[in-house]
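Asks: Sequence positions in the sequence shown follow the numbering used here and run 1 to 232.
Simulated from the structure, these hints should not be mistaken for laboratory data.
Ranges between beta-carbon positions, derived for each pair:
(1) GLU96 with ASP71: 12 to 22 Å
(2) HIS128 with ASN60: 40 to 50 Å
(3) PRO27 with LYS68: 14 to 24 Å
(4) ARG63 with GLU11: 25 to 35 Å
(5) ILE186 with PHE77: 17 to 27 Å
(6) ASP123 with SER95: 23 to 33 Å
(7) GLU127 with ILE186: 21 to 31 Å
(8) GLU67 with GLN158: 34 to 44 Å
(9) SER84 with GLU126: 35 to 45 Å
(10) GLU96 with ARG63: 18 to 28 Å
(11) ILE37 with PRO129: 23 to 33 Å
Within a straight-line C-alpha distance of at most 30 Å, the following computed DSS-like cross-link-like pairs (lysine-lysine) qualify:
(12) LYS183 with LYS74
(13) LYS68 with LYS101
(14) LYS74 with LYS40
(15) LYS139 with LYS101
(16) LYS74 with LYS139
(17) LYS40 with LYS209
(18) LYS101 with LYS183
(19) LYS40 with LYS68
(20) LYS139 with LYS183
(21) LYS183 with LYS209
(22) LYS40 with LYS139
(23) LYS101 with LYS40
(24) LYS101 with LYS74
(25) LYS183 with LYS40
(26) LYS139 with LYS68
(27) LYS101 with LYS209
(28) LYS85 with LYS183
(29) LYS74 with LYS85
(30) LYS209 with LYS139
Glycine included, C-beta positions come from ideal geometry on N, C-alpha and C.
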Amino acid sequence: MDKKVEINKEEQPLMVTIRCITYNHEPYIRQCLEGFIMQKTNFRFEAIVHDDASTDETANIIREYAEKYPDIIKPIFETENQYSKLDGSIQRIMSEHIHGKYVAMCEGDDYWICDTKLQQQSDIMEEHPEYIACVHANKVINYLNNTETINARYEQSQVVNTVDVLSPMVPIFHTTSIFYRRKIIIERPAFFKETWDYAVLVYLALYGKIYYINEVMSVYRTLTPGSWTMRT
1 MDKKVEINKE EQPLMVTIRC ITYNHEPYIR QCLEGFIMQK TNFRFEAIVH DDASTDETAN
61 IIREYAEKYP DIIKPIFETE NQYSKLDGSI QRIMSEHIHG KYVAMCEGDD YWICDTKLQQ
121 QSDIMEEHPE YIACVHANKV INYLNNTETI NARYEQSQVV NTVDVLSPMV PIFHTTSIFY
181 RRKIIIERPA FFKETWDYAV LVYLALYGKI YYINEVMSVY RTLTPGSWTM RT
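Hey, can you work out the whole structure from these sequences and the hints?
Replies: So this is what it looks like as structure tokens:
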């Protein structure tokens, strides 16, 4: 009988880098990080967690997780707030530290609720090289009016309609669901190097096909203190 060979993930190429930016997210960051470490995959992944000089306990919580899960949580701690510079500093810093074949996005006040999210999205992208990105349905929690809604544009999994992505009226996918090929973003035009979120999703849609999974796998909080929706 052949001896079973144990596969060490640390010896495998890095498949996915999770891109997480956080600022004063003390009430939420644990839930966000738990969503990363619970992922069940047959590949190696990491989470680059960028704390933008938080003034609360966010950085200490990140340190706690980085010490406990050093193979997954890779922190960046700023002593000076980069967002306030309005010069694209955060995007440049994150780009320098992201090395996975694929990139998944999740901000510090959002979180994932499906432990096979990365595996599902990676499998689809590996099977379909024509897909540039993969997204999915998500739940939206409005902090100000304490409401919850499900953001699901389509009734079944399918290739996304590019016209829907280009429509500025309603965001059909949130950052918590975006999973894309890193090489495409590296090669993006200079204009897109200083932007993210909607502008980059538009760039991805123009570049190639985006596949939508009709399953709620993440929660997007909006209008929370310290969130991008309250800082812009």
